[in-house]
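Place chain R on chain U using the hints.
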Amino acid sequence: MKIENTQSQMRKGILEYCILSILKNSEAYPSDIIEKLKKAKLIVVEGTLYPLLTRLKNAELLQYRWEESSAGPPRKYYSLTKKGITFLIELDSTWKDLAKAVRLTTKTKKDE
Amino acid sequence: MNKTVNVNLAGIVFHIDENAFETLNNYLNALKNHFKNEEGGDEILKDIEGRIAELFTERLDKKEAISLTDINEITTIMGDPSQYDDEIEQEQSQESQDKEEDLRKGKRRKVFRDEEDRMIGGVCRGMAHYFDINVLFCRIIFIGMLFLIGPGAPFLYIMFWIVLPSAKTTAEKLEMKGERVNINNIEKNIKKELNIIEDKIRDFDRKFTKEMFGANSFFRKIVDFFIRVIKGVFKFAGSFFGIFCILFGGILLLLIFSFAFSGAEILFHNYPMVDHVFNDFFNNKSATWLSLFIGIPIVAVILFGLRLVKNTKIHMNYKIGIFVLWITSIFFLLNSVKDISLEFKEEAKNTIIENIITESDTLYLSMNDVNRVLDNIFDTKGFKVTPFEDNLIGIGMELDIVKSKNDNFNLIKEATGRGKEKHLAKEMAEGIGFEFTLENDNLIFDDFFTIATQKWRMQELDLTLELPIDMVVFLDHSLEDLIYDIKNVHNMWDYDMLGHYWKMEKEGLSCISCED
Chain U
1 MKIENTQSQM
11 RKGILEYCIL
21 SILKNSEAYP
31 SDIIEKLKKA
41 KLIVVEGTLY
51 PLLTRLKNAE
61 LLQYRWEESS
71 AGPPRKYYSL
81 TKKGITFLIE
91 LDSTWKDLAK
101 AVRLTTKTKK
111 DE
Chain R
1 MNKTVNVNLA
11 GIVFHIDENA
21 FETLNNYLNA
31 LKNHFKNEEG
41 GDEILKDIEG
51 RIAELFTERL
61 DKKEAISLTD
71 INEITTIMGD
81 PSQYDDEIEQ
91 EQSQESQDKE
101 EDLRKGKRRK
111 VFRDEEDRMI
121 GGVCRGMAHY
131 FDINVLFCRI
141 IFIGMLFLIG
151 PGAPFLYIMF
161 WIVLPSAKTT
171 AEKLEMKGER
181 VNINNIEKNI
191 KKELNIIEDK
201 IRDFDRKFTK
211 EMFGANSFFR
221 KIVDFFIRVI
231 KGVFKFAGSF
241 FGIFCILFGG
251 ILLLLIFSFA
261 FSGAEILFHN
271 YPMVDHVFND
281 FFNNKSATWL
291 SLFIGIPIVA
301 VILFGLRLVK
311 NTKIHMNYKI
321 GIFVLWITSI
331 FFLLNSVKDI
341 SLEFKEEAKN
351 TIIENIITES
361 DTLYLSMNDV
371 NRVLDNIFDT
381 KGFKVTPFED
391 NLIGIGMELD
401 IVKSKNDNFN
411 LIKEATGRGK
421 EKHLAKEMAE
431 GIGFEFTLEN
441 DNLIFDDFFT
451 IATQKWRMQE
461 LDLTLELPID
471 MVVFLDHSLE
481 DLIYDIKNVH
491 NMWDYDMLGH
501 YWKMEKEGLS
511 CISCED
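Listed in order, the protein sequences are those of chains U and R.
Per this note's numbering, the first sequence starts with residue 1, numbered consecutively.
Per this note's numbering, the second sequence starts with residue 1, numbered consecutively.
Here chain R stands alone, though its shape is the one from the complex:
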């Protein structure tokens, strides 16, 4: 004996055994579950119910109630929902299924700002999603930080706001929310890790690190989070640095350009000799190489800046090309330097002795137009030659006073010059001219020496005054820059010798106006 129940299928009432009803109910529920996500699922279900009702009607010709056997037969005819999948599976690639699975399990969870559900910028909400903590908890932490680190907290918040992207697409929102890491899971993780520590005592292998810092552990999440934040901060700071690089490089490049086109005046405005030397020795070709040598690193800095700001990447081939060009520029520059240094290879001297004839036994030594040149030139930069009023002149003469070997009163002018070859150096030395005037008993030196060749080859001029015994010279203050290391019996410094009368005695130069 079986208890029967009444069911209504597609508007028709059937008597059905109770155990058969259970099976049918389960079957229909399974179908309902199977089609719940499908468009028109209800309709499909109704159609199937209709078909089952039809099959029931066929069977009820001979009997009154549907038995379990009937149901089993009918479900065999209709088939199990899993069989539908086999026969007409909806297209879905394994990959996308895997990804969905991962998302469900939270393997790919990422930090985003949740702008849908935000208080200010959605930072707290986003972090709450990421760590799966209550958003309130996160907000309390931020407010707590306000007390702990004061104004740093809002700054930190703003930083996070800038650094963290907001979840815009559905995928990002899914990634943001991921799997719940609830208290149970944390507990589970900790228990698991404790077990592993036990294992570790037995065999120390990579398993531990993997579980501890594996893709899904809580620790790993914290580490990931900070890596993300740090990356963001670097990106942010990098942009600033990038802008700085671009500006800095741009200004330098502008200087280099003006340097290449208009010569070195802009840079060496106050150092005419440096300018002269540069123009003399650096022809257009070597100036171009010099520009490349300096310019390429600057361009590299600008490109680096651009990369930081806009992530512009330069193709490797260009990089190699530019690098090779730079190395080439070094090679050519070294070559020019070698050529230039060859110009100074040989040294030659030219000595002229001028006899000074005077009646007086006392000579007043002084210099013409003192500081005429120096006042107009900011700095000679140590050069003893400088351009002045369209001429190259020498300014670094040195005067010494020694005892004459005979009774002659002489001025010895020893000129030095350099050149690629000995005879060229000699030419340079011979091109040096120096004048003085003798008026009564005043000997007045020029404040410069002339350079006939108008080329700078390290010309120098040493002046030596040969003074016969018993002759007296007065050193005027205008000689300050001319006299150099004059030996005297008092061992006085050059500067102290100025403004005094000096007499040449057998022992040497001796002061006759100094107070001891």
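If we strip away everything but chain U, and leave its shape as in the complex, we get:
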């Protein structure tokens, strides 16, 4: 068992959750999302995001609209679909459970 496999599996789910969370309140275009993710050190390279966005869009969790840009080509502004909102709500509770589970199981005596 490779550590990379486990790490990427952990990261993958969290990445999807974070992307959906970023889009929770307002729509955004990839560069905005990337900036936030980079700040959070969730991704290193930008290329990673695009396949993910496409997959989420194909899964009908995201939708986008085109907007003309003064600095370059038109941009895709992504937002959550209805399905995406429900999905995110479920992920929220799952995450809370997981976070709790991780906190409880990794807690040592010293932490208490």
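FRET-style restraints, in silico, Cβ to Cβ:
#1 Asn25(R) / Val102(U): 40 to 48 Å
#2 Asn25(R) / Ser70(U): 26 to 34 Å
#3 Tyr64(U) / Glu64(R): 31 to 39 Å
For the record, the hints were derived by calculation from the structure and aren't laboratory data.
Ideal Cβ placement from N, Cα and C applies to all residues, glycine included.
This is chain R only, laid out in the frame that chain U set:
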């Protein structure tokens, strides 16, 4: 000075240095390659191109053309396709990857019939896949065999048709096709094997066999193929044998059942004595053990047949249980046999001497109702006792004629019987009765002896006629089965003595009507 080229990225035209273009082109091709199998790959690529165009636009505020440095920076920002995998790898277990790899390399190639691309049954096509030879070649071989072994070829084909499964699932189709073992590979294999032979001279170890007959060698494939075919043939023949076992076992079992429920009449219809002995000695309990003793192996045969036909397996515990039951049945059977043999342990004799009084000096000896019993009974099976008209009677008497020690004319009846104990044996012997009638000078023997006890304990009856000197007896032909080893001066056989007058002389019985 750098030559620039124009590129169109996401609908915007950029000037780009030639060497920078090369790098960008390579990068985009690498991305294209990476996403080619992914759903929405084109869209992802367009999005990335759009992003690159955006980054270009940012940089072109201060200059006119994109340089190699810009491209390198941008590719660093966007990342190498291999990094995507690290960050968000598609789930795929190592195992399934290994399996796919094996399939690609043809390690797990199997023989199937290719029904998608068939002429008759897809046998040739399937074999062509397996050995990776041209299907035409395979068909020529089959047609060639038609000339060589005649009607055997179609039979062989049909056999393969039955034996080989058809590739139905995608996995099976992949397994069927596997890796190409082309001429180059064969050549490579042979060269490799030649090298190994050289090595072998130096160190003889298992390496050779492994390479020669290893999982991937051509020889191994041929061997595997034949093993598969042979297995298939056995399976096929096994099914037939299995059906035979089931039928054979079923019929036998039916016989055993009727045997257990209705007694032995069905089996011993023509042998009433065997039936009588069986009923007498085998009570219900021992009959049950006997049925188990015979029945269990038959059931085993049926189960074996079922296993061959339907692959039904019996749990080990049941097997052990049944085996133990069988051994138990042997034990109880041996016990019954011991009990039965004890019934014959002791022997006793009872001798009765009857004086025959006659005026005449010549007696005509004959027997009553000859063959009355034997005509009705198919075979006594060597028993000297048989059931007849609801009675147990004796039929195997023996008559001897000897010289009387005095002037008395006697019939000595020596009865033998057996029993568990001496007095029981004596009872048996005393229960034997034998009658004869004397009318004028005719002495007529009964054709049977009676058994008062109505139980068979190996009763025998020996009759001895004591004849005084100078008396004459005539032996009628009806005595054929009664007389036994009568000594006479001519040393004649019993049968030849019939129909003659015999006179007792000092030397012994002598024929007075025979022509010398």
